[in-house]
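Student: Fit chain B to the known structure of chain A by using the hints.
Now for the letters of each chain:
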Amino acid sequence: MSTPTPAVSVRALTKRFGNATALDRVEFDVPAGSVFGFLGPNGAGKTTLLRILTGLARPTSGTASVFGVDLGERGTEIRRRIGFLPDVPGFYPWMTAAEFVSFAGRLVGVDVATLPGRVEALLDLAGLNGVSTRIGGYSRGMKQRLGVAQALVGAPDLLLLDEPTSALDPIGRREVLEMIASLRGRTTVFFSTHILADVERVCDTVAILDRGRLAAFDTVADLKRRAATERISIVVDGDAAELCERLRSRPWVQAIDRDGATLRIVAADLALACREVPEAVASLRLGLRRFEVDEASLEEVFVRVVGEKGR
Amino acid sequence: MSGFGAFFVKELREIARTWRIWVIPGMMLFFAVTSPIVALLTPTMLASLAGSQPGIEITIPDPTGADAYGQFIKNLSQLVTLALIIAGAGLVSAERSAGTAILVLTKPISRSAFVLAKLLAELLLLLVFAAIATMVCLAVTRLLFPPLAAAPLLGAVAVWLVSAALLVSVMTFCSVAFPSRGAAAGAGLGYLFATLLASIWPPAVRYSFVGLSDGIAKVLGSKPAELGWPLATAAIAAVAITAAAAWVFERQEL
Numbered sequence: 331m332s333t334p335t336p337a338v339s340v341r342a343l344t345k346r347f348g349n350a351t352a353l354d355r356v357e358f359d360v361p362a363g364s365v366f367g368f369l370g371p372n373g374a375g376k377t378t379l380l381r382i383l384t385g386l387a388r389p390t391s392g393t394a395s396v397f398g399v400d401l402g403e404r405g406t407e408i409r410r411r412i413g414f415l416p417d418v419p420g421f422y423p424w425m426t427a428a429e430f431v432s433f434a435g436r437l438v439g440v441d442v443a444t445l446p447g448r449v450e451a452l453l454d455l456a457g458l459n460g461v462s463t464r465i466g467g468y469s470r471g472m473k474q475r476l477g478v479a480q481a482l483v484g485a486p487d488l489l490l491l492d493e494p495t496s497a498l499d500p501i502g503r504r505e506v507l508e509m510i511a512s513l514r515g516r517t518t519v520f521f522s523t524h525i526l527a528d529v530e531r532v533c534d535t536v537a538i539l540d541r542g543r544l545a546a547f548d549t550v551a552d553l554k555r556r557a558a559t560e561r562i563s564i565v566v567d568g569d570a571a572e573l574c575e576r577l578r579s580r581p582w583v584q585a586i587d588r589d590g591a592t593l594r595i596v597a598a599d600l601a602l603a604c605r606e607v608p609e610a611v612a613s614l615r616l617g618l619r620r621f622e623v624d625e626a627s628l629e630e631v632f633v634r635v636v637g638e639k640g641r
Numbered sequence: 096m097s098g099f100g101a102f103f104v105k106e107l108r109e110i111a112r113t114w115r116i117w118v119i120p121g122m123m124l125f126f127a128v129t130s131p132i133v134a135l136l137t138p139t140m141l142a143s144l145a146g147s148q149p150g151i152e153i154t155i156p157d158p159t160g161a162d163a164y165g166q167f168i169k170n171l172s173q174l175v176t177l178a179l180i181i182a183g184a185g186l187v188s189a190e191r192s193a194g195t196a197i198l199v200l201t202k203p204i205s206r207s208a209f210v211l212a213k214l215l216a217e218l219l220l221l222l223v224f225a226a227i228a229t230m231v232c233l234a235v236t237r238l239l240f241p242p243l244a245a246a247p248l249l250g251a252v253a254v255w256l257v258s259a260a261l262l263v264s265v266m267t268f269c270s271v272a273f274p275s276r277g278a279a280a281g282a283g284l285g286y287l288f289a290t291l292l293a294s295i296w297p298p299a300v301r302y303s304f305v306g307l308s309d310g311i312a313k314v315l316g317s318k319p320a321e322l323g324w325p326l327a328t329a330a331i332a333a334v335a336i337t338a339a340a341a342w343v344f345e346r347q348e349l
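From first to last, the protein sequence lines stand for chains A and B.
Here the numbering used here is used: the first residue of the first sequence is 331, the next is one more, and so on.
Here the numbering used here is used: the first residue of the second sequence is 96, the next is one more, and so on.
Honestly, the hints are just simulated from the structure, not real lab data.
Treat the hints loosely; a few may be bogus.
To be verified - Label-pair restraints from in silico Cβ distances: (1) A/PHE347 / B/ALA289: 25 to 35 Å; (2) A/VAL442 / B/ILE295: 51 to 61 Å; (3) A/THR444 / B/SER317: 16 to 26 Å; (4) A/ASP499 / B/MET230: 47 to 57 Å.
Unchecked claim - So these bits of chain A aren't anywhere near chain B, every CB distance computed over 12 Å: (5) SER339; (6) ASN349; (7) SER432; (8) ARG504; (9) ALA551.
Claimed, not checked - Stretch by stretch, here's where chain A covers chain B in the computed footprint (C-beta under 8 Å, at least three residues): (10) 165 to 177; (11) 227 to 235; (12) 271 to 282.
Ideal Cβ positions, reconstructed from N, Cα and C, are used throughout, including at glycine.
Isolated chain A (complex conformation) (with noise of 0.2 Å):
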């Protein structure tokens, strides 16, 4: 069986500005219809690696492609499957937001009979529609929407996403989210932000770019559970000293520690824990109140991948 062709795939990627390396032999793949996380302390390289796909900037050396398409030779070709929003959207002002889709929608190539009823339908998504104001008079919350809004017109296989929430009032956040979320399977999307409850909330697979290198690509369950310190944390009803003796002597504990009826436990080897605590428990005749294995956060996460120097 071959393998499907990944959404994005950058190899050996390079950019160079002087003396400044803002990309260095970038490699990931983005599996096509998924939702990708791009994350990175500011001048990581994120914008850098978004010029790139989009063709406002070349690579230094090393290979983009969009859909098995070599960005460098049929540039203007791939970007018709794909949405861009930059992180701060640049509109004409004397425009109309339903102008400015329907503009969007032209330079794509939707066809005349399709593209009012799709300008409509996105305008409502954006919560802009009726507003007959030119956008020079929008805030940067309305741009933001609208900017999705026009990514969204060509009915894209791929979105690139700039901080798409930064932006945006909870409410609209969230409103994005759902979208972006809604898209799974049909359309890949490719977002970077800062904001690492959103990753977590939508996102399926996950880079961490610093300094123009990438630390980490993962599932986001994987990265969580790679990070994790495999700690365990147990309430028994009962005396739990003897039970603290008992683990203690076990070889995989490696800390142990109580507060009244409170162990928590550092283990080297978690399953073989959760396995032998609750016979320890029952073999004691205690009850078991409560039993947790702790998890790492995304943003415990980033913070033990780029480090302190990195933020």
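Tutor: Relative to chain A, chain B alone:
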């Protein structure tokens, strides 16, 4: 040329709905109406000026329709040309600095199409309003002066249009090559100065587009003018400069 049509239509609508409609077209129509009036009133104004200075006597011939044509062409060649430089300086650089070029160029439109659409929209604007303004100038001249043949004015405006088209292509290139509107306008003024300087060298006047200014004056004065070389070199230069603008823009990072 993917996306060319949509972008060209957007350019025309932008001209119609922003300040751009008031600058070049507005100036042309203003000069079309006022040039014959100024030509008519100039002798009276000068006589009045001389009358207020004892001992000065100025003899001025009666104004004619040819003076009105001359005034209109002078305004086109000087003031409208300067306006073309200032307006043209922002053709591409303004889109780049406002970020609008990014949203457009991440759609399937080539950068060559982007440049060409801007240039052609500007040329269409120039052509349409030069024609309207010339008709208006002819009509006002006809109202104020005895009948005069229209051919010299039509010919002179046509030659001026060729030099203006070349200037628009130069400004498109400057607007691509320089990141700011000010720098592009400065380069455009440099081009204008260089052509003025070159016009003192007879071979340049005879065999290159530098001779267009001289040709305008001759055509307006119904004198014989050899315009083959100036027109041909202007057309070739305009095409070459436009191609260079597209080539440079294709290689720029945004």
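Student: Hints first: check each against the structure and report whether it holds.
Tutor: Hint check:
1. A/PHE347 / B/ALA289: 25 to 35 Å: With a Cβ separation near 34 Å, A/PHE347 and B/ALA289 satisfy 25 to 35 Å, so the hint holds.
2. A/VAL442 / B/ILE295: 51 to 61 Å: Check passed, 56 Å falls within 51 to 61 Å.
3. A/THR444 / B/SER317: 16 to 26 Å: The hinted range 16 to 26 Å is violated for A/THR444 and B/SER317, with Cβ atoms some 58 Å apart.
4. A/ASP499 / B/MET230: 47 to 57 Å: Holds - the Cβ-Cβ distance for A/ASP499 and B/MET230, about 55 Å, lies within 47 to 57 Å.
5. SER339: About 19 Å separates A/SER339 from the closest Cβ of chain B, which puts it past 12 Å; holds.
6. ASN349: holds, 17 Å
7. SER432: violated, 9 Å
8. ARG504: holds, 25 Å
9. ALA551: holds, 32 Å
10. 165 to 177: Per the Cβ count (0), the hint is violated.
11. 227 to 235: Not satisfied, violated; 0 residues make the cut.
12. 271 to 282: Result for this restraint: violated, n = 0.
The structure is inconsistent with the numbered hints 3, 7, 10, 11 and 12, although it conforms to all the rest.
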